[in-house]
Amino acid sequence: MSGGLNTARFLGGWLLKSAAVLLAVMTLNFFLLRLAPGDPAVVMAGEAGASDAQFLEQIRKDYGLDRPLPEQLLNYVTNVAKGNLGYSYRNRRPVADMILERLPATMLLTVSAFVLALLLGTALGVLAAAREGRWQDGAITVVALAFYAMPLFWVGLLMILFFSAYLGWFPAFGMASFTVSGNAFARALDTTWHLVLPAFTLGLFYVATYARLARASILEVKHQDFVRTARAKGLPPGRILRAHMLRNALLPVITFAGIQAGQLVGGAVVVETVFAWPGIGRLAFEGLLQRDYNLLMGVFLLSAMMVMVINLMTDLLYRVADPRVRAGA
Amino acid sequence: MKDFWAIYRRNKGSIIGLVILVVVLIVALAGPLLMPGDPWEIKARPLLPPSTTFLMGTDVLGRDVLAGVVHGAQVSLLIGLVSTLVAVTLGLLLGAFAGYFGGPVDDIVVRITEFVQTIPSFILAMVLVAVLGPSIGSIVISIAVVTWPPVCRLVRAEFMSLVQREFVEAAVVSGQRTANIIFREILPNALSPIIVMASLMVATAILTESALSFMGLGDPNRISWGYMIGAARSALRQAWWISVFPGAAIFLTVLAINLVGEGLNDALNPRLARRGRV
Amino acid sequence: MNETLVIDIRNLSVALPPGADRPFAIEDVSFALLPQEVLCIVGESGSGKSLTSQAIMGLLPGPEVHIASGSIHFEGRDLATLEDREMQALRGARIAMIFQEPMTALNPVMRVGDQITEMFRFHGRAHEAADRVVELLGAVGLPDPASIKDAYPFRLSGGQRQRVMIAMALALDPAVLIADEPTTALDVMTQKQILALIKDLQRERHTSCLFITHDFGVVAEIADRVGVMQSGKLVEIGPAREILEQPQHPYTRRLIAAVPRLEPPDRAPLSDRKTIVEVKGVDKTYASRGGWLKRRPVHAVKDASFSVRSGETLAIVGQSGSGKSTLARCMVRLVDADAGSMTLAGAEGDLLRMSKSRFHRHRPLVQMVFQDPYASLNPRHRVGDIIAKGMLAQGHPRDAAAARVKSLLELVQLDASAAERFPHEFSGGQRQRIGIARALALEPKLLVADEPVSALDVSIQAQVLELLAEIQQRLDLAVLFITHDLRVAAQIADTVAVMHQGEIVEHGPARRIFLEPQHEYTRALIAAIPGRAWLAPSDRIARQEATS
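Protein chains in written order, with our numbering: chain A, 16 to 344; chain B, 19 to 296; chain C, -3 to 544.
To be clear, the hints were calculated from the coordinates, so they are not data collected in a lab.
Mixed in with the good hints there might be a few duds.
Claimed, not checked - Keeping only pairs whose Cα atoms sit at most 27 Å apart, straight-line, the calculated DSSO-like set for lysine-lysine is:
{"no.": "1", "chain 1": "A", "residue 1": "K237", "chain 2": "B", "residue 2": "K30"}
{"no.": "2", "chain 1": "C", "residue 1": "K145", "chain 2": "A", "residue 2": "K237"}
{"no.": "3", "chain 1": "A", "residue 1": "K76", "chain 2": "A", "residue 2": "K97"}
{"no.": "4", "chain 1": "C", "residue 1": "K441", "chain 2": "C", "residue 2": "K276"}
Said to hold, decoys possible - Coverage of chain C stretches by chain A, computed from C-beta distances (three or more under 8 Å per stretch; other residues unrestricted):
{"no.": "5", "segment": "114 to 123"}
{"no.": "6", "segment": "400 to 409"}
The beta-carbon is built from N, C-alpha and C at its ideal position, and this holds for glycine as well.
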């Protein structure tokens, strides 16, 4: 079977694509830095570093700011590829270190929200389609419409107000409590407890999106020829829904989830800011306040990488679901 | 025109949406005239709860929240509309050429579209506004830059399917010029889904603008709903009204636009609407 | 109720939702299905024939389309009164159905074998599945049933998928097989095989078959009895022989008269006519569209040459994939040929080689009539504008164009007021007339008609063909007529060219091609036409084959 070869080709393709995207982002970063008004060295030094003349000189040397543009670009890209994302004067640390330290927290948040959105959203969408026209369908549609219209940060604040301040069920800030013991299991539980509100906040918008898409997709599939064949075969409605309609209807949802991955990661920035979640999104917010562009660009690059990883997940999921894609047809 | 309105009317949600939208528009246009005065002006003690004098209370510095909400409507709607206009124009042109000519032109456009959709667009918008300096102009540009891909994909898909239709082939055979074919034969048939998408994009643009303002990247000279919520974070628990009212304003506006968009979809694409609405 | 009737339908009426063009889809229809017979229900689009079969299966679309009155007796029960649960037990097990479009009829993400197995599983016969699945796949003529069992539908061709459908339908040995236009979407040779398969299996398993079709040739090929439906009513029913040879009802007579026969009529000799178009060595290969996949390039047209005289109709006949559509598109330069030349009387130079800008001036010489009446007219433009557009593009003044539009509409027998209306206000046949008017607007010397009647009902088809013949005579037009339907070609062609896999395998006067085909492909093609004996009574060979 050519399945193995196709999978290898698929992974190879993903690697190539990721490399291309990251390269493009690096180039974009390079030109964005030049776009800012003023001396590029001052821009790259950030608000805090701009006052230090020695630091400015160092930057000019490291990035070859007096060289012709193409050489600067090459210089910049090779630097980044080696892992040098610049130096944050304010925090007295290399940007790369700061980002890598906080990356796991963002990954935890983003992947949790993504999985939550996909599972809950699809489940609700299927329920709404199965009960088309009845109260469950109406309720789900209305709630989905509502969450689809709420700004992410507002949902987060409302969650804090209600579930944290008023009900006291969940913590409002951070990823860990100070009072938790050293036991790994206890710490994991504590993290999960802190994760609930942020993950739901980030996920709910997409729950709404996927629910509506899943519902529409199932209703669309209902009219397809092969569903008519299944009915003509005398199969019970439950079987038709599970084995025939669902897998075909969910393919577009998976595709769409992949496309939306970029937005999801972007949303993490806002959610981390609201909940003081110690991830790279919050780092970006701090970078904004401090006008630390290197930090911002670094976050941009790494979040692009995260999107590629999520895309890999969705593409693999799609391959599992659709045999036509597996065979390279 | 009559049929359009008849179908639109059938959807209760769309009518509600239209009503809310009209109210918002009136507030945006006439509000600042009816409620004169600077929303930045400190009017009373800070953190006053809603009362008869201050229907929405006062914020951390003592400014009238209601005044902020009324004046903020302008910024959100303006940015929402203009950035959508720019994004749609850009997406339309790129998508039309890609869909019609195919080949290398199409390949390039598809690569660019995929790239912009892959990268986290909100972060790019943040970076752009930060780099260009926050102002209405830079916000419009950054939102437009990150939201044009879906329009481009839609237009491209429509064009690709329409180009193969026999009436387009007939136009070629009867000797019509390419520009004529693109704009007078194909485009009128592709308009309906584009209009629906454009209306939904205005909603997304407003959400993005409010998020940018919340993060501190709003135009410092104009008060906007996102900014108000961002500024109130420290006082969240004591003064819920500063966060809730502006947020509710955003919510209602976006909801109204979405409902209107759905109504438009039903009215303009009747065959699709009957099956399953998204 | 008569015990010997398999299905007994009495006074069945199916209501349509308010606002439809008539209150009932089927009105007061009564007929019976006898044991072990093939009963064909024949009719044009909108006759209600498909809905009848759906009503029997309980698969009517949606609550607004429902059985209003009447009964459907089967195995001691009235199906019209059964709950969906009870119908579910009967569907597939006692009454099975196969549909028209095999490419979309199977679940694309489920293996073929599993789709047959689930029939056994969900009708309480799971233990039989393992042995029977492979046997069934073999019985319907699929190669290597053991591996096909594990294949996904996308690996199978249309004909193969239809065989799988038949296997699924007959898996549980139902008493009745309902076939709703099962061969309409297949090419003529595959159609012949599937029809034979259905007939054989039906005879073997003593199943009764209700076969819906619009094609009288198919009726002649397999029907024991035939019923004719018009606008929801059953107008005539009886033994196939009788109805085909001596139809009683005027509608049936009209329909049968409209079916093109396989015997080309005598045509005036063309030797004294001037040659208008000379085509030499047209060649076209489609490169694979880039990407990772190495699809082999398709050599669509191989070295095609022919000529057409004024007043002559050359029919290019072939199945899908033969290259005939590509060839037609090369003629009007919708597709640019890789090689070859086309010269036209009255034009300087090779029309295929000259630059697009030079060709623009010569466009009026070669015009095209398209296949799909619902896609070939821009829905947003008025009919008058559609017809006039070509003239305006060539620089004619508006009022001259408007006047010509009027005379063209008259030529195609449409009212002058049509110019102000939109395409959706017209029927399929009328739209084709508009398409013809548009093609004639520029006064072409060569008219390329790409399957112009394939999408039309047989009675409308006859009208449009008549119109074309009239116009051709009046204007001395040369016509290149592309079609997959040999019967149509027999009726209208002076000369026939048969295409197979890009090559013209045989080329000659229509009479000779049909009565004395030389090339083996041509012979196979003609042999595959359903109902040949009936369509070509003087063809002794066909008659012998039919009675054997």
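Hint by hint, here is what the structure shows:
1. A:K237 x B:K30: Within the cut-off at roughly 25 Å; holds.
2. C:K145 x A:K237: Holds, because 26 Å separates the two Cα atoms, which is no more than 27 Å.
3. A:K76 x A:K97: 17 Å, holds
4. C:K441 x C:K276: Answer holds: C:K441 to C:K276 is near 18 Å, not above 27 Å.
5. 114 to 123: holds (count 4)
6. 400 to 409: As far as the segment 400 to 409 of chain C goes, the hint is violated, because 0 residues have Cβ atoms under 8 Å from chain A.
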